[in-house]
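*Asks:* Listed below are the residues making up each chain.
There are 2 protein chains.
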Amino acid sequence: MRLSNYFLPTLKENPAEAQIVSHRLMLRAGMIRQTSAGIYAWLPLGHRVLKKIEQIVREEMDRAGAIELLMPTLQSADLWRQSGRYDSYGKEMLRIQDRHEREMLYGPTNEEMITDIFRREVKSYRDLPRNLYHIQWKFRDEIRPRFGVMRGREFLMKDAYSFDLDEAAARRSYQKMFISYLRAFSRMGLKAIPMAADTGPIGGDMSHEFIILAETGESEVFCDRTLVDMPAPGDEVDYEADLTPVIEQRTSLYAATDEKHDAAKFEADVPEGNRLSARGIEVGHIFFFGTKYSEPLGALVAGPDGKDVPVQMGSYGIGVSRLLGAIIEASHDEDGIIWPESVAPFKVGLINLKSGDADTDAACAKLYATLTKAGVEVLYDDRDERAGAKFSGMDLIGLPWQLVVGPRGLKNGVVELKERATGNREELSADAAVKKLIG
Amino acid sequence: MRLSNYFLPTLKENPAEAQIVSHRLMLRAGMIRQTSAGIYAWLPLGHRVLKKIEQIVREEMDRAGAIELLMPTLQSADLWRQSGRYDSYGKEMLRIQDRHEREMLYGPTNEEMITDIFRREVKSYRDLPRNLYHIQWKFRDEIRPRFGVMRGREFLMKDAYSFDLDEAAARRSYQKMFISYLRAFSRMGLKAIPMAADTGPIGGDMSHEFIILAETGESEVFCDRTLVDMPAPGDEVDYEADLTPVIEQRTSLYAATDEKHDAAKFEADVPEGNRLSARGIEVGHIFFFGTKYSEPLGALVAGPDGKDVPVQMGSYGIGVSRLLGAIIEASHDEDGIIWPESVAPFKVGLINLKSGDADTDAACAKLYATLTKAGVEVLYDDRDERAGAKFSGMDLIGLPWQLVVGPRGLKNGVVELKERATGNREELSADAAVKKLIG
Chain A
0 MRLSNYFLPT LKENPAEAQI VSHRLMLRAG MIRQTSAGIY AWLPLGHRVL
50 KKIEQIVREE MDRAGAIELL MPTLQSADLW RQSGRYDSYG KEMLRIQDRH
100 EREMLYGPTN EEMITDIFRR EVKSYRDLPR NLYHIQWKFR DEIRPRFGVM
150 RGREFLMKDA YSFDLDEAAA RRSYQKMFIS YLRAFSRMGL KAIPMAADTG
200 PIGGDMSHEF IILAETGESE VFCDRTLVDM PAPGDEVDYE ADLTPVIEQR
250 TSLYAATDEK HDAAKFEADV PEGNRLSARG IEVGHIFFFG TKYSEPLGAL
300 VAGPDGKDVP VQMGSYGIGV SRLLGAIIEA SHDEDGIIWP ESVAPFKVGL
350 INLKSGDADT DAACAKLYAT LTKAGVEVLY DDRDERAGAK FSGMDLIGLP
400 WQLVVGPRGL KNGVVELKER ATGNREELSA DAAVKKLIG
Chain B
0 MRLSNYFLPT LKENPAEAQI VSHRLMLRAG MIRQTSAGIY AWLPLGHRVL
50 KKIEQIVREE MDRAGAIELL MPTLQSADLW RQSGRYDSYG KEMLRIQDRH
100 EREMLYGPTN EEMITDIFRR EVKSYRDLPR NLYHIQWKFR DEIRPRFGVM
150 RGREFLMKDA YSFDLDEAAA RRSYQKMFIS YLRAFSRMGL KAIPMAADTG
200 PIGGDMSHEF IILAETGESE VFCDRTLVDM PAPGDEVDYE ADLTPVIEQR
250 TSLYAATDEK HDAAKFEADV PEGNRLSARG IEVGHIFFFG TKYSEPLGAL
300 VAGPDGKDVP VQMGSYGIGV SRLLGAIIEA SHDEDGIIWP ESVAPFKVGL
350 INLKSGDADT DAACAKLYAT LTKAGVEVLY DDRDERAGAK FSGMDLIGLP
400 WQLVVGPRGL KNGVVELKER ATGNREELSA DAAVKKLIG
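Chains as they are written, first to last, in numbering that gives the first Met the number 0: chain A, 0 to 438; chain B, 0 to 438.
Hints are not guaranteed to be accurate.
If you want a taste of the chain A side facing chain B, the calculated C-beta under 8 Å gives, among others [what the hints assert, rightly or not]:
id, residue
1, Tyr88
2, Glu102
3, Arg118
4, Lys122
Mimicking DSS-like on lysine-lysine, the simulated pairs with C-alpha atoms at most 30 Å apart in a straight line are [to be verified]:
id, chain 1, residue 1, chain 2, residue 2
5, B, Lys11, A, Lys306
6, B, Lys122, A, Lys122
7, A, Lys434, B, Lys353
8, B, Lys435, A, Lys122
9, B, Lys435, A, Lys50
10, A, Lys50, B, Lys51
11, A, Lys90, B, Lys137
12, A, Lys137, A, Lys259
13, B, Lys50, B, Lys346
14, B, Lys306, A, Lys372
15, B, Lys137, A, Lys137
16, A, Lys51, B, Lys51
17, B, Lys264, A, Lys51
18, B, Lys51, B, Lys306
19, A, Lys306, A, Lys353
20, B, Lys259, A, Lys346
21, B, Lys372, A, Lys122
22, A, Lys417, A, Lys435
23, B, Lys137, B, Lys190
24, B, Lys11, A, Lys50
25, B, Lys435, A, Lys11
26, A, Lys90, A, Lys346
27, B, Lys137, A, Lys51
28, A, Lys11, B, Lys51
29, B, Lys11, B, Lys306
30, B, Lys372, A, Lys50
31, A, Lys51, B, Lys372
32, A, Lys51, B, Lys50
Hint data in this document are derived by calculation from the structure and do not stem from the laboratory.
Here a beta-carbon is modelled for each residue, glycine too, at the ideal position from N, C-alpha and C.
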């Protein structure tokens, strides 16, 4: 993409309304703009990152055997009356009347709707287990939306729902999601720690939050330091094998959010040097809640003995849009964002130090064409701007690599390649730079 | 995907509520389920087609130089007051009050919001032209939603908005979209005819609807028959060249929807044998409306002479979710859907004629693995069902190819390959079938 044709309105100054660094940087880097309180438009740069995060989540859900579908944003109030949550959900639920005065709502989550879809179609244990997920916009009418996309009102969530015949099978479904979450967050460059958590308005018997550590986190968390650097299961993970050992390796170590924290147990279980108390950001939350929805909604299946039983369910959420904020909180410096390559909006920022100079333009055009053809995503700053503005702009938006091309270097047959994360710079031939970037 | 692990609830009987064939077939093929009046959940099979159509639209928008972003579903009423449409839009607009009693609405379209985003960021003619688009759910509170996804209330639309300094440039932007639409629909296997159309609530001076012919179409249309089979511009199309000749080749021939129809002109311009009057389905609509929104909303840019002028705008919509219905209306037979390969949910349906038979299972497993590894999307019917049910199920869901494997054929070293569109069957070795499908 040539910057002269793009829509990337960066800001030099810190916007007054942004209290945390990710919100400031997303506004300054031209990724989002607020359109109403807690509601954002995703400008092209932000949209690209959103799509990449969504795709990583999708791939890891599919790998774990979940099946994608798509439920609508608006739901009928009737279903929520059947589960009993219509009245209990409170003012965070956005309630709507249509032209025929039917009561609707903008879905804050989808337990009721997916249970309804399931109960209409599935009647036998032979069609179990199933895990159905979607990636769809949700709305929660926060009383004080803040921190940009971290606590917005309209937000993109991946929510999955598992259906099993009995509790043992449901626990296996839960374990698959546990592993899938570790893998997805790790692929985004995040160290996410699963922590025992409260179940809140979803309800249920077992729950883990996936937390990344950041000073600006909203929750206080406590854990064994060993968990922070424990690597996620690799590509060799076999979802059909017994996942219990991998899960227990983590859950046997202390990790809890504020609400679940037990100071005495923390001190008893964790050696002093390993005790970590920190702020954390929730990026995922998984629940096992048995028959909490299947029973009131009548989602029954015939078991092997022919008798109908309510299905055992769990639900599994990832805050897709919130993850952009979380990744930036975890990965930035004073100059701007530092994107992990897996979610970067472009891999390379190509900087033309003298737009209008025929040789430099030609060298840049060739690099741009070669890299693009090889499938490398390049943002080419071809604008007639001074070099300083181009450098600081690229640092701000945080692409992993900057490829700097100017008349002086070209005379010596070199271009400069800078790695954003380390600041390392290297002079090399254009061909060598291409080779390195195509990798 | 193995059908035994999938979620594909097909129906044997025609659902009573469905009046047109696409609605019937989408329900029967397990693609959608209604969750409220005119609101649908997209089950896995339907979701896959939706994503493919979306991707074709995206690629053709990008190719034409448009830039993707994403605006939220909910909008503030204030902006619509500035354009004057808040009161005029009527009951089709779903109006919402949030917990602070702020007036919001579920966007039926985005002229106001994109103009607001644009006016905040762009101040100079040097940043023009721009074409910004998004693919997002919209809501129109139809008084009588019907025909499934063809006239639903919550629907997925691609809407693009162009910004130019003057009318001549704006017409070029309009022409690019015109070409891009011809290409996108053609890639989906549709013959879409651009027709002079009314501008309706969007307003403006120039407008074309893209219509496909189908008996169940809601509009009556009139055109020169020559247009029906005129091929879309190919990959060689150069969006920077003068597009006028390509556009005039079409617009010089008579084509109009009911509201714009001029019977006398039709008879005068079109030779009798070429006069076609038929029913049509609108799948796209493009508008040029100059300063209709930029003026009231104050979207001004400084021209080369330093004077501020309101930008010249157009908007360009494609009904992404509606297209599933339109494609089915155009491509089905008495047995079910016939998907064009470009939008098919899977390319191949692999039918195991004797699940449980060790040799047949092994042959199928090998074919499934080989094709999947080669990037061919396969739906493998591995269920313990009789052959007849498997055949009719595959015909119903309409995958382009059926690969049939049974013990008798295997003894003779052959499998059967059936092309859904023609019904042609061919016996060949498994290797030859693989080669043909990977092709």
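*Asks:* Hints first: check each against the structure and report whether it holds.
*Replies:* The hints, checked one at a time:
1. Tyr88: For tyrosine 88(A), the interface hint is violated, since the closest Cβ of chain B sits about 12 Å away, which is over 8 Å.
2. Glu102: violated (10 Å)
3. Arg118: violated (11 Å)
4. Lys122: violated (10 Å)
5. Lys11(B) x Lys306(A): Between lysine 11(B) and lysine 306(A) the Cα gap is close to 26 Å, so the pair holds against 30 Å.
6. Lys122(B) x Lys122(A): violated (60 Å)
7. Lys434(A) x Lys353(B): Violated. Lysine 434(A) to lysine 353(B) sits at ~52 Å, over the 30 Å cutoff.
8. Lys435(B) x Lys122(A): violated (39 Å)
9. Lys435(B) x Lys50(A): violated (34 Å)
10. Lys50(A) x Lys51(B): holds (15 Å)
11. Lys90(A) x Lys137(B): holds (24 Å)
12. Lys137(A) x Lys259(A): holds (27 Å)
13. Lys50(B) x Lys346(B): Holds. Lysine 50(B) to lysine 346(B) sits at ~15 Å (cutoff 30 Å).
14. Lys306(B) x Lys372(A): violated (41 Å)
15. Lys137(B) x Lys137(A): holds (14 Å)
16. Lys51(A) x Lys51(B): Satisfied, since the Cα-Cα distance of roughly 17 Å is no more than 30 Å.
17. Lys264(B) x Lys51(A): Roughly 52 Å separates the two Cα atoms, so the pair is violated.
18. Lys51(B) x Lys306(B): Not OK: lysine 51(B) and lysine 306(B) at ~45 Å, beyond 30 Å, violated.
19. Lys306(A) x Lys353(A): violated (77 Å)
20. Lys259(B) x Lys346(A): Distance of about 49 Å is beyond 30 Å: violated.
21. Lys372(B) x Lys122(A): Violated, at roughly 33 Å.
22. Lys417(A) x Lys435(A): Status holds; Cα separation ~12 Å.
23. Lys137(B) x Lys190(B): Distance of about 26 Å is within 30 Å: holds.
24. Lys11(B) x Lys50(A): Not satisfied, since the Cα-Cα distance of roughly 38 Å exceeds 30 Å.
25. Lys435(B) x Lys11(A): The given pair, whose Cα atoms are some 57 Å apart, is violated under the 30 Å limit.
26. Lys90(A) x Lys346(A): Not OK: lysine 90(A) and lysine 346(A) at ~42 Å, beyond 30 Å, violated.
27. Lys137(B) x Lys51(A): holds (23 Å)
28. Lys11(A) x Lys51(B): violated (39 Å)
29. Lys11(B) x Lys306(B): Distance ~67 Å between lysine 11(B) and lysine 306(B) Cα, so the pair is violated.
30. Lys372(B) x Lys50(A): Given that 30 Å is the threshold and the Cα spacing comes to 25 Å, the pair holds.
31. Lys51(A) x Lys372(B): Satisfied, since the Cα-Cα distance of roughly 23 Å is no more than 30 Å.
32. Lys51(A) x Lys50(B): Within the cut-off at roughly 15 Å; holds.
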